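K.L.:
Sequence:
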Amino acid sequence: MSHVIEMLGIRKEFPGIVANDDIYLRVEEGEIHAILGENGAGKSTLMSILFGLYKADKGVIKVRGKEVSIKSPNDAYALGIGMVHQHFQLVHNFTVAENIILGKEGGFVYDIRKASRKIKEISERYGLQIEPDMVIEDITVGMQQRVEILKMLYRDADILIFDEPTAVLTPQEIDELIEIMKNLAKEGKSIILITHKLDEIKRTAKRCTVIRRGKFIGEVDVASTSAQEMAAMMVGRPVSFVVEKEKREPGEVMLEVKDLNVRNNKGVLGVKDFSLAIRSGEIVGIAGVDGNGQTELVEAITGLRKIESGSVLFKGEDITSLSIKDRNDRGLGHIPEDRQKRGLVLGAPLTTNMVIKDFDRPPFSRKGLLNQEAIREYSASIVKEFDVRSGEGIDSLAGKLSGGNQQKAIIGREVTKDPDVLIAVQPTRGLDVGAIEFIHKALVTQRDKGKAVLLVSFELDEIFNLSDRIAVINAGRLVDIVKTEDTDVHKVGLMMAGIKSEKEEAK
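Add 4 to the 1-based position in the sequence shown for the working numbering, that's all there is to it.
Hint data in this document are derived by calculation from the structure and do not stem from the laboratory.
A couple of the hints might just be wrong.
[As the list claims (entries may be wrong)] For lysine-lysine, the following DSSO-like pairs were computed, each having C-alpha atoms within a straight-line distance of at most 27 Å:
hint: 1; residue 1: 59; residue 2: 75
hint: 2; residue 1: 487; residue 2: 249
hint: 3; residue 1: 276; residue 2: 329
hint: 4; residue 1: 310; residue 2: 329
hint: 5; residue 1: 504; residue 2: 262
hint: 6; residue 1: 453; residue 2: 249
hint: 7; residue 1: 388; residue 2: 445
hint: 8; residue 1: 388; residue 2: 404
hint: 9; residue 1: 66; residue 2: 186
hint: 10; residue 1: 122; residue 2: 186
hint: 11; residue 1: 345; residue 2: 310
hint: 12; residue 1: 361; residue 2: 319
[Claimed, not checked] Distance ranges between label pairs, derived from CB positions:
hint: 13; residue 1: 396; residue 2: 490; range: 48 to 54 Å
hint: 14; residue 1: 381; residue 2: 6; range: 50 to 56 Å
hint: 15; residue 1: 317; residue 2: 252; range: 20 to 26 Å
hint: 16; residue 1: 494; residue 2: 12; range: 16 to 22 Å
hint: 17; residue 1: 73; residue 2: 176; range: 39 to 45 Å
All values reported here derive from a predicted model rather than from experimental measurement.
For every residue, glycine included, the Cβ atom is placed at its ideal position computed from N, Cα and C.
Throw the hints in and build the complete structure from the sequences for me.
P.N.:
If you want it as C-alpha cells, here you go:
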C-alpha cells in the first residue's frame, strides 16, 4: 500500500531543547496510524511541522510520494492535510456554520445557507450528528470537537491529524469519536492519531510509531504488540498497570459535607441534599457520568461556588463561609478539573505558579518582599520530582507547556504542599501511562500518610484502582456509598444511571 505521508529524518530544536531528533513517520492511505509518546515527547511538535505551524530544521516531508514544503496551515490544507488541535480553535459566540467557514469563504459576501447545507451533508455522511445553527458555547466539549472535524472535512482534507483527541471527552464521547474515526478511514481518509492511551490505540490503529524524548524508537503492528510492550517502548522501562496499596483502617473524619444544596450555572440545583464524610487514611472516589453535579460539589467544597444550603466541615470546623485562601491555609488541596481555567496562570512562569497559594508566607516572602531564590529552588524541586518538561525550565510560561505537563505541574504543586485533605478531579487526564503510574502512587502515598483524598474521575478503572470507598452521584444526588471490595463495575454502572441496586431495578 502506498504512503500518503512520509516524514524522514525530522529535527526541530527550540532554545534549550531538541523537540524532534531524527524522527521517521510513514502513514499508509486509508489507515489509522497512532503516534505514541510520553507528555513532552515531541508528538505535537512533529504534527505541527506537518501542518505548517513550525518549520523543521532538518529532514524531508513527502505527500503522496512527492517532496513538499509546508510553510503554513494554508499550504497544509492545499495538500489535503487538516488538524484537530488539543485545545480547540473555536469562537464561542459563533454558530457551528460560522466557525467552519471562518477563514474559508473569500470576498465580502458569503452564502451561509449554502455552507450550512454542505455542512449538514458532511455531518450526516460521517455520522457526526451536529446542526449548523447551534452556537458553540451551548454545545458539549464532544460536540465542539466534531465541529473541528467538520472544519477539516469542509476544506476537503483527506489526511486528518488528531492531537490528543480524547483528553477532554467522557467515556461515551470517546466511544463515539472512535466510531467516527473508523468511518472516516473506511471512506479512504488517512488518520494520524496522537495519543498516549494504549487502550485507544488497540481499539483503533493499524500501526503505531513510538517516540521517546524526541527520538524515534520504532514502528509496530498494533494487533501483534501488547500494551505492556508499547508502554515499555514509550517510557523506557516496564510499567505497572495495577495500583499497589495495602488495606488499612481509616481514622477520624477530615472532611464532611452535610445536606448540601448547590445551584449550577443555569440557576437550578446541581447538587441536592448531598452528604458525605471522608476520613484520614482513605481515598473516596466519586463515580458518575459527567455533568451530574461533580463540578458543583467540588466548587462548593473548595469555595469556588456559593452554597445554597447545608454545610462543609473541615476537621470538625465549619468552613462554609470561609474564603478560598482560608480553606487552602487550613490544609485543603485542590487539583482542579480545568487545568487552564482554574489550575494555572498561563501567562506567568512556572516559578509564580508553583507558589501562587503561598507567596505571602516564609520562606517565599518576608516583610512583603519575595525571596526569589527560595521560590526558584522550591519550583525546581517540584519540576524535577514530577518530571515537568518544558523548553525553558522553571522560567517557562505555564501556557507554553503541553497539556500533560501542565497537569503534572499542578499535581506537583498540590501534593508537595502535603494537604490534610486533597480533592483530586480528573488528576490523570491527559497523562501518559508512566505519569499515571507515578500520580497514582503519589495519591496512595497521601492516603498512607493518614491524609484524606477525594477523587473525582470519569475513568471507572481509576476509581476502582484507587478508591477504598465509592460514592455514586446521579442528577446531583448521592445514590449510594459502597466499599470498593464489595462491588463491581456493573453494579456501579447501574447506580450511575440512578439505580441503587439490581434488586430495585427489578421492581
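K.L.:
Report the numbers of all earlier hints that the structure fails to satisfy, in ascending order.
P.N.:
16
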